[in-house]
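**Student:** What follows is each chain in one-letter form.
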Amino acid sequence: MSTKRGINAIVGSFFRKKGQMGAQATSATFLVTIGFVIAIACAASSLVLWWFPYHLFSDEVYNVVAVNAPESFIRFNEDMQAYRDHEAEEYGDRYNYFANWEHMTEFEYSYDGYGWTEFIYKESDALYDFVTFGKWMRENDAYLTIVFPKDFDEQIDRRESGLEAQKPELLTYFRTNSMEYSQMKEDFVDEYLVIYQSRIRANYGLKITQVADSEIVDDPIPTVENAYGFRAFIDNMCRTFVPILLFVILLYSSMSTGTNVIAGQKERGTFTGILLTPQPRRSIVIGYLLGVVLKSIIPSTIIALLAAVFIGEFALDTVLVIFLYIVILEIFIASITIMISVINDTVVSAQTAFLPIFLILVAVCVTCIQSVSDRADFYMYLPVYGQFYGIGDALTGTITPAGLLVSSLATIFLTAIITIVTIKLLSSEKYTVSIDTVTAKEIKASLDGSGGTLLDTLNRITDNFSYFIAELFYPLFVLSFYQFLAMLPVVVAYMRKPEYSQFIQDLANVGTIENIMNKTFEVLGIFLADPLFLALMTLGYIAIIFTYFLHAGRVWKIKGLKNKIGSVGYPLTDKKHIAKHYGLGFVFGFLMMTSVVFIMLATGQISFNGFNLKLSGIGVFILNLLMWVPQGASEELMFRGYMIPAFKRRFPTAIGVLVSSLVFSAFHSLNSGYTPLASVNLVLIAVLFALIYLYTGDIWMTSAMHTAWNLTQGNIYGLQVSGNNAAHSVVLTNYSSDASSLITGGAFGPEGGLAVTAVTCVCLIIITVLLIVKSRKAQK
Amino acid sequence: MIKLVDVHKSYTKDKETIKGVSFEVKKGEIFGLLGPNGAGKTTLMQMIATLMKPTSGQVIIDGLTADKDILEIHKRIGFLTNEIKLDPMSTPNNLFNFFAELYDIPENELKDRRDESFARFGISPFADKRINELSTGMKQKISIAISLIHNPPIIIFDEPTNGLDILTSKQVTDYLKELKEQGHAILLSTHIFSVAEELCDDIAILVDGKIVAQGSVEELVRQSGTETFEKAFFKIYVENHKE
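Those protein sequences? They're chains A and B, same order as listed. In this text, residue positions in the first sequence follow our numbering: the first is 1, and each later residue adds one. In this text, residue positions in the second sequence follow our numbering: the first is 1, and each later residue adds one.
Excised from the complex, chain A in its bound form (with noise of 0.2 Å):
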C-alpha cells in the first residue's frame, strides 16, 4: 500500500479546480488579504506624506489663531507683517520675493511662507477647548490655533529671572480635515515660532547659542537625526506591523481552510468514504495538514515577500529565512486546526472553538511588541514568539541562526505532538462515526455527557469556562457602553470650562494612580448636580434594563417581551404584589441605612447639623430621586435578576449567589476611598439582596431596598455613596473630628465602614432564617 500516493491525492484536492476544499475558503482569504494590502498602502502612504502634494487639493487656509496672545507675539507677528510687505515691495509683489528667495524649500513656496498668513487672536480661559477652537478656525479660514497660557509673559519672566524652572508650554490644535494641516503645523512651529523664540531671547539679552536652556517649544533640527528617525519607524513597522500581520493571515487562511476540511467533510457527509479507504489514519491526517499548509502559506508568502522589497533589507537569505520561519509557523497552526477540525462536526462549531485559539496567538503576538532592548533573549528560541521575533529581525536584516534552529525545532516538536493527538483522536469512533439517526441522536448526547476521556473532561471545562466568562463580562460591556454615551455630551460640555484646564493641570501635577483617580471622583461628584447628567444617566439606566430584557430573551429563547421581563426578575402577575413587594423593600432599605446613621450617631462618629435643603436644591433632588430608581433597578437586574439564574443554568445556585456578589463588589472597586472592608460589605450587601431575590422569587424588592439604600444614603442624609458625593441631602450632617473611619467608612461612605457591616449581618441572619423556615414548609 502506497500511503505517499495517498497523501497525495489529499493534497491535490485541495488545489483541484472543482471541487473539495474549494473555493469558499479561497475567496474569503484572497478578500481579506486585498484588505491588509489596502492596509499597508494607507500606512505606506503616511510615510511619504512630505512629498505628496495635499496642499493641490485641499482648501485655501492659511491663518492662524492665538488664543491669549501675549504683548510680545503680536508685536512678533507685526513685525514680520512689516518685513515682508517691505521686501514684497523691493521685489514688486509678493509672489516675486518668495520666489526669489533662495533659501525657501520646495513646499515653503508651495504656499507662501506665512505671507498670506493672518492672526486673529481670541481670548479664552478654557485651554482645552476644543469645540470652540475648532468654530473660530472654520470661521476664520484657519488651519490652526495656538493657545497661549494667560500668564505667559510672566511666566517668562520668572523663568528668566530663575524663580522657576518649568518652561512655559504653547498648546497647539490643528484641523484635521486634510493631513497637510498637520504639516503646516510641524512646520509653523518649526520656522515661526522657533524665530519667535529667539525674538524672546533676544529681548531678555540671552545669547541665541543657549538653545537647550531656554526653549518655549521644542526644537527638532531636521537633519541626521531625522533621518535615522525614518529609519527608525521603518525598522518598528518590521518589527510589529508586519509580522503581526503575516500571523493573523496566516491563522485566517489555515482556519478558514483548516475547518473547511475534515469539520466541513463531515458536515456534508463525505468524510466517511475517505475514513473507508484503505489509507491509515496516519496519512490522512498528513495529507490535509499538508493541504492546509500549502493553501494558506500562499498569501502570507505574497506578503512577506512584499514587505521584504518595500520596506525590509532585501536579501535573498533574508527573504529565506522568513519563508522558513512562515513554513514552520504554518505547519503549527495548521496542525492545531486540523485538531479542532477532527474534534468537531461542523464547520461554523470547528470556527468557534478555534476562536480562543486565533485570540491567544493574537494577544502573543501583541505581547511581542516591546523594543529589542527590552525583549529577554530566550524569547527568541521558543514557539510562536521566536517566529515572531525571528521574522521582524530578518526583516530589520539581523538572523539569529540559533534562534532560528531552536525555534523551529521546538515548533516542529510542538506540532508532531499535536499531530500524533490527531492522529489517535480519528481512531476514535466518537469522533468519525457519522451521527445521523434516531437512536445515534442519543448516542451523541450520551457521548457528550458521559465523557471520560480527558479531552472531553477539558471540552466542558472550557466550554464551561467560556459561560463563566461572557456572562461575567457582559454587564461590564453593557454599563460602559450606557455610561459613556450618557458622560459624553456632559465630559465634552466640561472640557469647554475653564474648570477643565484646571483640573488637566492638577491631573499632570498628582503622581499616583490614587491621586488621579480621586480628582476624577471629584469630578463625578460635580457631575452629580448637573440636571443634564442626571437626566443622562437616568435615560442610560433605562437602557441598561431593556437591553437585559432583551438580551435575556435572546439567549433564553424566551418568547413575548411580558415573558423576557418575567425571566430577569421583574414578574408581571399581580399589581398588588409588585406594589407590595416594592413599597415594603423601600420601607426596608429606608430602615437598614436609618439604623446605620443611628449607629453613626450614637457612637458619636457623625453629628446633626441641621436641615439643608433650599428650594433650589429640590429640582436636583428629585432629578436624584428618578436617577436612583433605575439606578438600583439596573444594578439589581445586572447582578440579580439576570446574572443569578443565568449560571444556575449551569453551576449549583450557590455559586451563582457568590460569584454575581463578588462581581458587584469587583464592580465598585474603582470608586474612590474604596478599602478591603468596603469590598466585604458590597459582598455582604450583595449576598443580602441574593438571598432575599430568593426568598421573594423577584428583584422587585430588593430594586426598592436598593433605591431606597442609595436614596437615603446620599440625598437624605449627606453621606457618600459608594464613594460618590450626593449633591444636595435634606439633612445636614458632619464627621466628627474623632470620628473612625472604620466605623463609618471614610471616603467610601458608610458602606466602607463597620455600621454597615453589622446591619448588614443582622439582615443577613434573618433572611437566612427565612429562607430555612421556607424550605422546611415546601418539603412538609
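Worth flagging that the hints you see were computed from the coordinates, not collected in a lab. Quantities reported herein were computed from a predicted structural model and do not represent experimental measurements. The reader is advised that the hints may include incorrect statements.
Unchecked claim - Examples of chain B residues lying across from chain A (beta carbon under 10 Å, computed):
1) M52
2) E72
3) I73
4) H74
5) K75
6) I77
7) T81
8) D87
9) N94
10) D104
11) S143
12) H150
13) F234
Stated by the list, open to error - Result set (EDC-like, lysine to aspartate or glutamate): computed pairs, CA atoms no more than 20 Å apart in a straight line:
14) K4(A) to E72(B)
15) K430(A) to E107(B)
16) K85(B) to E267(A)
17) K85(B) to D345(A)
18) K139(B) to E267(A)
19) K4(A) to E109(B)
20) K424(A) to D69(B)
21) K430(A) to E83(B)
22) K53(B) to E429(A)
23) K4(A) to D174(B)
24) K85(B) to D79(A)
25) K430(A) to D67(B)
26) K68(B) to E267(A)
27) K4(A) to D104(B)
To be verified - Covered stretches of chain A, going by a simulated chain B footprint (3 or more residues, C-beta under 8 Å):
28) 6-12
29) 273-285
Just so you know, even glycine gets a beta-carbon here, dropped at the ideal spot from N, CA and C.
Position chain B against the provided structure of chain A, taking the given hints into account.
**Tutor:** Chain B alone, transformed into the frame defined by chain A:
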C-alpha cells in the same frame, strides 16, 4: 466472508443497541437485513465496515478482524450508505480519480475501470458536471461506482434503492444479481419487500437489536404461517417488539 459472533454494542451503560447478533454471509450469497428504523441495522453495518467497534463479540471479515488488519479489511469491503455523500462541488471524474488514488489502483488500470464503470451506469455524459447539478438517481449510481471502485469481494449496501425511480432501481438490482453471480458476498439492508424477495438468499429480521427470525423468504413465510412475505414480516415484528 462476513461472520458475526455474538456481537453486542452499547453506547451507554444502561442501554444495549445490539444485543447479541450472529450470522454469516457466504461467497456468492445475498444476505438481507430487514428491520424498522432504530432496530440497529445501521449500527450493525457500521460495525461490519469497521467504523465502530463492537462492545463484545467478534466481527470477522474474510478471516480478518478490525483490531489487526483494518486496512486489509477496507481493501476487501465496498460500503454504500446514504450517510456517505459525494462532495457536491466535485465532479464524477475528479471523485473517481481521487478515490482511485486513495484505494491505490494502479495508474494503468484506472482509465479502463473508470470507462467501464461509467459506461455501465451511463455516467459518462455527466463526468465533468458538478455533483450538485445531478439527479438523485445519478448521484446514487456514482456512489455505487465509487464504492465498488476497488472491486471488493465483500459488498455492504444500506438501502441502495431508496428514493430511486423504477428504472434506476431496476438497474441497481440487476447489477446486484450480476455481482452475486461473480461470486461477491453481499450484505443488503432494505425497506422494500419486493427487493428483498427478489434478491436475498437469506434474510435476517432485526427487531430491537436482536435477530428474531432468519431464513429464506419461503422459510420465513412458512414459519409465520402467513401467505406473503410482507404479512410474515409484520407478524414476526409484532410478536417480538416490546414497548
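**Student:** Now look at each hint and say whether the structure bears it out.
**Tutor:** Now for the hints, and whether the structure bears them out:
1. M52: 5 Å, holds
2. E72: 7 Å, holds
3. I73: 8 Å, holds
4. H74: This interface hint holds because 4 Å falls under the 10 Å limit.
5. K75: Hint on K75(B): holds, closest Cβ of chain A at ~5 Å, below 10 Å.
6. I77: Because about 7 Å separates I77(B) from the closest Cβ in chain A, which is inside the 10 Å limit, the hint holds.
7. T81: 8 Å, holds
8. D87: Holds, because the Cβ-Cβ distance from D87(B) to chain A comes to roughly 5 Å (cut-off 10 Å).
9. N94: Result: holds, 5 Å to nearest chain A Cβ.
10. D104: Nearest chain A Cβ about 5 Å off; hint holds.
11. S143: Holds - the Cβ of S143(B) comes within 10 Å of chain A, reaching about 9 Å at its closest.
12. H150: Status holds, d = 8 Å.
13. F234: 20 Å, violated
14. K4(A) to E72(B): It holds: about 17 Å lies between the C-alpha atoms, which stays within 20 Å.
15. K430(A) to E107(B): Distance of about 35 Å is beyond 20 Å: violated.
16. K85(B) to E267(A): 10 Å, holds
17. K85(B) to D345(A): At roughly 15 Å apart (the allowed maximum being 20 Å), D345(A) and K85(B) satisfy the hint.
18. K139(B) to E267(A): Given pair K139(B), E267(A) holds - Cα atoms ~18 Å apart, limit 20 Å.
19. K4(A) to E109(B): Judged against 20 Å, a Cα distance of about 19 Å means the pair holds.
20. K424(A) to D69(B): OK: K424(A) and D69(B) at ~17 Å, within 20 Å.
21. K430(A) to E83(B): Measuring from Cα to Cα gives roughly 16 Å; hence the hint holds.
22. K53(B) to E429(A): 8 Å, holds
23. K4(A) to D174(B): 37 Å, violated
24. K85(B) to D79(A): With a Cα-Cα distance of about 87 Å, the restraint between K85(B) and D79(A) is violated, given a limit of 20 Å.
25. K430(A) to D67(B): 17 Å, holds
26. K68(B) to E267(A): 29 Å, violated
27. K4(A) to D104(B): 10 Å, holds
28. 6-12: holds (count 5)
29. 273-285: With 8 residues close enough to chain B, the hint holds.
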